[in-house]
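> Residue numbers (this note's numbering), protein chains in the order written: chain G, 1 to 1177; chain L, 1178 to 1282.
Because the hints were derived from the structure by calculation, they are not lab data.
Hints may be right or wrong, so weigh each one.
Below are the SDA-like pairs computed for lysine to any residue, each with C-alpha atoms no more than 25 angstroms apart in a straight line [claimed, not checked]:
id	chain 1	residue 1	chain 2	residue 2
1	L	Lys-1261	G	Gln-621
2	L	Lys-1261	G	Glu-468
3	L	Lys-1261	G	Thr-331
4	G	Lys-973	G	Asp-995
5	L	Lys-1261	G	Gly-503
6	G	Lys-620	L	Lys-1261
7	G	Lys-521	L	His-1221
8	G	Lys-620	L	His-1221
9	L	Lys-1219	G	His-471
10	L	Lys-1219	G	Arg-523
11	G	Lys-291	L	Asn-1220
12	G	Lys-291	L	Arg-1263
13	L	Lys-1219	G	Phe-524
14	L	Lys-1261	G	Arg-603
15	L	Lys-1219	G	Gly-503
16	G	Lys-652	L	Asn-1220
17	G	Lys-426	L	Asp-1260
18	G	Lys-652	L	Gly-1257
19	L	Lys-1261	G	Ala-418
20	G	Lys-426	L	Arg-1263
21	G	Lys-620	L	Trp-1229
22	G	Lys-652	L	His-1221
23	L	Lys-1219	G	Ser-529
24	L	Lys-1261	G	Pro-449
25	L	Lys-1261	G	Lys-973
26	L	Lys-1219	G	Leu-513
27	G	Lys-521	L	Asn-1220
28	L	Lys-1261	G	Asp-415
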Amino acid sequence: MELHLFGHPKLELDGQPVVLETRKALAIFIYLALSPQPVSREYLAALFWPEFSQSRALANLRRALSSLGNRIQGKVLEADRLAVFFKDPATLYTDVQDFRQKIKDVQSHSHERLETCEKCLFTLEDAIQAYRGEFMEGFNLPDCPDFDDWQYQQRQALQQELRMALDSHIQQCVARRRWKNGILSAQRLVAQDVLNEASRRKLMWLYAQDNQRNAALHEYEKCFQILQKELNQHPEPETTGLFQNIRDGNPIQCEEMQELLSFVPAVKPIQPLPSLVQQANPTSVTVLRTKLFIPSVRAGAVNRPRLIARINQGVQGALTLVSAPAGFGKTTLLASWAAQSASPVGWLSLEADDNDPVRFMTYLVMGLKSVWPQIGNLSLEMLASPQSLPVSVVLTHLLNEISGLKTGIVLVLDDYHAITAEPVQKVISFILDHLCPHLHLVLATRSDPLLPLARLRARNQLVELRAEDLHFSIEETADFLNSMMGLNLSPQEVTMIGERTEGWVTGLQMAALSMSGRPDKTRFIQAFSGSHQYILDYLLNEVLNQQPAPIQTFLLETSILECLTGSLCNALTGNNDGQEMLEMLERLNLFLVPLDDEHHWYRYHQLFAGLLRSRFQFTKQDLFTTLHERASDWFEQNGDLRRSIFHAIEAKDYVRSANMIEKVIGEELNFNGREIIAWIDQIPEGLVYERSFLCLAKAIYFSNRFQQAATSQWLQSAEEHAFADYIPNETNIILGIVDTTRAVMATIRGDLPDAMENAFRASQRLTDKFLRFDALGILGETYYLSGNIQGAIDQWDEVKTISEAAKNTYGIIEALESKARAMLQLGKLKEEEQIFCMIFQLAAEKGIQEFHIALARLWYSDLLREWNELEQAEQQVSEGVTFFSEEVRPDNLCLGYIFQAFISLAHGNLLQANEACQRAEKICRQINIYPDIVAMTYLCKIRLGIASGRLQDADQVLQECLNGELFKHDLLKEWFLITKARLWIAQGRSDEVGDLLFELAKDAQSAGRIRDWIEILILQSTAFVKQGQKRESLSVLIHCLLAAEMEGYIRLFVSEGETMRQLLQEISSRLKRQRLKVENRDRLLAYINKLEAAFSPAPLPNGNTVSSMQPVLPEPISSRELEVLQLLCAGLSNHEIAEKLFITNSTVKSHIHHLFGKIGVESRPQAIVRARELNLV
Amino acid sequence: MDKKRKGSRKNSNTSQKEEGKIETTTNESKIKRKHAYEIRLKNHLDQHWAVWFEGWTITNVGNDEVILACSSTDHAGLHGALDKIRDLNLAIIYVKQIPPKPSGP
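Using the sequences plus the hints, can you model the full thing?
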């Protein structure tokens, strides 16, 4: 029987096509054919009849199965009461599995260089030929969205596999100089993804090698056109460069192809270096290589082919979960699985410390790097960056990188139960949500993880091994006790031990150890079976009693260590035989696990260590403390302060712990580490209060969480003790940091004088580059907020100088960003743009990654908006904003939303503008961010209120702001007063704003805040004309235009709407008729022309033209709904929309349903009309 | 070099509105309130486990069972004990909260 799934699905029995009654029956058959395991009836019923009740769906399934059975004469399919499966998979041929098998054969065929094997080349060509069309082309079940999803995923995965196959085929052809064959594959590769330039280049290069110059050039043309059409982009420089070389007949250098030639996939992971501790350059997380070490498999370990096969099957999907209690042999099983795995395996042993997402991610990347050293470099850099990025950004990047690999990788996360922190669990959820065909996870855990297991199970992406799978059957027990341990027990004895240990591996192993060398095994077994004691207690006694006294003592004393090495053990026991003892324990199989290939470092099996430790601590509490002290000493002498602190805390030697924590802080001047706070929390508070450094660490911890009261308490005690234990230099540093932190807190509180005083004092006190950097930064900020822009620039210039001296590029960028903001206030838009250019150039030169300049992009977008380059502005802001989230830099996220709102307003799309503004406001309400950004949010809200004619709402917001404490800063006050004048003009109170605007103009001009000054003049001019004083109006406006022309302001004028347009027309006609005498008349005219062109045909409504205002929807449309609406208007069907947005059909339906409700329509045509009316498309 | 920077404006990445206190206060929410608990497990346990289950008393009962009891702990304490039980692969029969004695303050 044959099932053909490439192209339109076909089922054949002995060469004759089999026609099934329904398409659904065929779908069920296909689904089962590709499922590695039996599928439960419930699941099948829900998958294929999602809209029916379970009983009806099951009945339908029964009917479909019986019809299937009739047609194929029950030959292959078998169904019992619970599940359906294939009787003998071998009787069914499917082309998909054949294709996959061939590719697997090639991958698992190990040779030094892939391209030397002719057989593999043929297999590969066979596989590529088998792929005759897309998976199940033209087949779909409209009412089964989940099946639809499954089909889609399968298709994606197969396409990916085909691309890989084509890639390696091309590579082999290149190696054999079989250009024509390579061209065929490259053509298919291009057809698979027409926008992929790398494939295009391969094809062009191959054409050129085959002397088909014209074909190569033609290929470039096609590439050029399609990029232009689809993306409105030009080809990448490499593509163009290749084209030029081919065209001009120059020698062709194509690095990618060279790389292709030299590429040899690593079949086995490269084992980590033996050194215990290594700094993962450039991260700040110290990476313990031992955590990445794949445990070696003991010679005596039980072979469990059944379980290994299950895991092999599991790693075809996204997740394999090994969930069983302690001591069930999870690690051993996975280690022996890894030893035989065809795919490369990365390993990560987790512990409680890994609950920090950055640390976890760093290890995750290192685990992957142990297999593919070339990936993850950027991710590590992102993780090490001082600006914490949302983990999702790092992850997305990493997953993309993995997707680009030639083969898959399996990552084992052992002891996953140690992970309890939600952010870390989210990392794994994120990976599983973005099913990455090249990354398979294996989790070993004692508790089920908080992951969407049900969903994965439904998608067939999960294989589970649980306690009942791992426990030893009677046969395995017999095998283990008799063959491995050579105990020669009778079947009854085996059964007794099996029952008492319940197939628990650790119990079995301990029992075996207790028995070996005992003459009276039967008596032992009887006593053991009759005991009611906790089984391990009983067995540990027996095991220990078997050992000579020195070994017993050694085991107990060293049990306090997390990891063991010879000299460390010597330090603890006072003997000199550490290394020999460890080797002996390993030989005796006494639960010692090597952590490296050199057998330099070890750890005890966790459960065993726990048993020993508990017993030891109970009997010898004094010695327990002493030993921890010795361990702490040893680690301190060997330069591992962190482990030393751990043991000092265990020894309850808090003074010593505090000393060392201070030392760690003092060495790095880093108060911000998570582990530092975790240590401090374990030290009695009284002691913490006495240490200035520790108080400071607490204060900074709370200040980062914007908790004023707690911060100020800890700062106060830091200050007190700094004075009490006066050490000239150190005291100065502490006081300086105290002042800096106080300045930050005061700025957020809105207490500017206090902030300024503290920041100034800090800048006087601190001479150290890093600390001074912060002090000057915040001092500049206070100047800025008080409206002293030049003062702010001076500080930020110095920050820049310091950073340059320290070669701190990030610091330079930060200083430049701040300075750009100041330039905007000074009205020097051109200088502002220059600064952004410097930032972008610097980032490019130094290889600084995108996320460090994301904030600059946001501000740059606002500049572009002012210059009416709206498309570019939109691009910059949407690029920049992706790097921020509510957890990471909510202030910048908020800023991005504000800028987006203003851009939407410029487009005349009030609905989108309102939505963006609401998002910004939500952040301001939830989180305490800096006052200038909060102010900008409310200003934006008021502007939108005026633009949509909701003047009363706008007024209310304004009043609240003017009365708010936060907005007493001079700069912010100016912004609010300008907006107040604007609102009054909109309310028809133009005659009342004269004095206000006059005062504002005077202040702004004298302080050099030219941007504000121009806006004030514009408002003055509008107010005059509304009062019928046209001459005054025009004279102010000309004055204003002359100032604005130099810097090219556009939106400031254009957003004033019709009134401004008429005024400008008037000026321009007067200028043309020479009735106005100004210098630079031509330049001014050109400028006005430019302004007039920027007015949209339908002028924006301002406050006075309420009638033309846009309707505002009662309920905002979500961005996803908007996307759906836009696609719907473009004429796409539900199915097409689903494909385009990567969501299911039913999700599309529900979006459309909600949309229709929100915009009040009942049909698609109505929706299209309404969407146009609302300016949504 | 940059990583040495402490958290100033540009560095802060978490921020919540609630003002926290340094001292842990006795908040009377349900989760934080302390209760007496009893956990019954299979098999007998040796007294040396008292160090491991700090704050819990160990009483072997009947043929083959043991009761761990704690007169006052919060949810976090209970979960800590349950984790330790899990790590020893001890079989839990039940966990229950013991109502406070009426006479107690």
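> Hint by hint, note whether the structure agrees.
We went through each hint and held it up to the structure:
1. Straight-line distance between C-alpha atoms of Lys-1261 (chain L) and Gln-621 (chain G) comes to about 20 angstroms, which keeps the hinted pair within the 25 angstroms bound.
2. Taking the CA atoms of Lys-1261 (chain L) and Glu-468 (chain G), the gap is near 21 angstroms; set against the 25 angstroms cutoff, the hint holds.
3. Among the hinted pairs, Lys-1261 (chain L) with Thr-331 (chain G) is consistent with the structure: their alpha-carbon atoms are about 19 angstroms apart, no more than 25 angstroms.
4. Taken as a hint, the Lys-973 (chain G) and Asp-995 (chain G) pair is honoured in the structure, with Cα atoms around 16 angstroms apart against an allowance of 25 angstroms.
5. With a CA separation close to 21 angstroms, the supplied pair Lys-1261 (chain L) and Gly-503 (chain G) stays within the 25 angstroms bound.
6. A distance of roughly 21 angstroms separates the Cα atoms of Lys-620 (chain G) and Lys-1261 (chain L); the hinted pair therefore holds under the 25 angstroms criterion.
7. The hinted pair formed by Lys-521 (chain G) and His-1221 (chain L) meets the criterion: a straight-line CA distance of about 24 angstroms does not exceed 25 angstroms.
8. This hinted pair checks out: Lys-620 (chain G) and His-1221 (chain L) have alpha carbons roughly 22 angstroms apart, not beyond 25 angstroms.
9. With a C-alpha separation of about 19 angstroms, the suggested pairing of Lys-1219 (chain L) with His-471 (chain G) holds against the 25 angstroms cut-off.
10. At roughly 24 angstroms between alpha-carbon atoms, Lys-1219 (chain L) and Arg-523 (chain G) fall within 25 angstroms of each other, so this suggested pair holds.
11. For a cut-off of 25 angstroms, the pair hint linking Lys-291 (chain G) to Asn-1220 (chain L) is broken: about 35 angstroms separates their Cα positions.
12. Of the pairs offered as hints, the one joining Lys-291 (chain G) and Arg-1263 (chain L) holds, with about 23 angstroms between alpha carbons and a cut-off of 25 angstroms not exceeded.
13. For the suggested pair Lys-1219 (chain L) and Phe-524 (chain G), the alpha carbons sit about 22 angstroms apart, so the restraint of at most 25 angstroms is met.
14. The suggested pairing of Lys-1261 (chain L) with Arg-603 (chain G) holds, with an alpha-carbon distance near 19 angstroms, which does not exceed 25 angstroms.
15. With a C-alpha separation of about 16 angstroms, the suggested pair Lys-1219 (chain L) and Gly-503 (chain G) falls inside the 25 angstroms cut-off, and the hint holds.
16. For the hint pairing Lys-652 (chain G) with Asn-1220 (chain L), the CA-to-CA distance comes to about 33 angstroms; that exceeds 25 angstroms, so the pair is violated.
17. With a C-alpha separation of about 21 angstroms, the suggested pair Lys-426 (chain G) and Asp-1260 (chain L) falls inside the 25 angstroms cut-off, and the hint holds.
18. Restraint check: the Cα-Cα separation between Lys-652 (chain G) and Gly-1257 (chain L) comes to about 20 angstroms, which is no more than 25 angstroms; the hinted pair holds.
19. For the hint pairing Lys-1261 (chain L) with Ala-418 (chain G), the CA-to-CA distance comes to about 12 angstroms; that is within 25 angstroms, so the pair holds.
20. Under the criterion of a C-alpha separation no larger than 25 angstroms, the hint pairing Lys-426 (chain G) with Arg-1263 (chain L) is consistent with the structure, at around 24 angstroms.
21. Straight-line distance between C-alpha atoms of Lys-620 (chain G) and Trp-1229 (chain L) comes to about 14 angstroms, which keeps the hinted pair within the 25 angstroms bound.
22. Between the alpha carbons of Lys-652 (chain G) and His-1221 (chain L) the distance comes to roughly 31 angstroms, so the proposed pair goes past 25 angstroms and is violated.
23. For a cut-off of 25 angstroms, the pair hint linking Lys-1219 (chain L) to Ser-529 (chain G) stands: about 15 angstroms separates their Cα positions.
24. For the hint pairing Lys-1261 (chain L) with Pro-449 (chain G), the CA-to-CA distance comes to about 17 angstroms; that is within 25 angstroms, so the pair holds.
25. Only pairs whose Cα atoms come within 25 angstroms are accepted, and Lys-1261 (chain L) paired with Lys-973 (chain G) is rejected, the gap being roughly 59 angstroms.
26. Distance hint between Lys-1219 (chain L) and Leu-513 (chain G) is fulfilled; the C-alpha atoms sit about 24 angstroms from each other, no more than 25 angstroms.
27. A C-alpha spacing of about 23 angstroms is found between Lys-521 (chain G) and Asn-1220 (chain L), which places the hinted pair at or below 25 angstroms, so the restraint holds.
28. With a C-alpha separation of about 14 angstroms, the suggested pair Lys-1261 (chain L) and Asp-415 (chain G) falls inside the 25 angstroms cut-off, and the hint holds.
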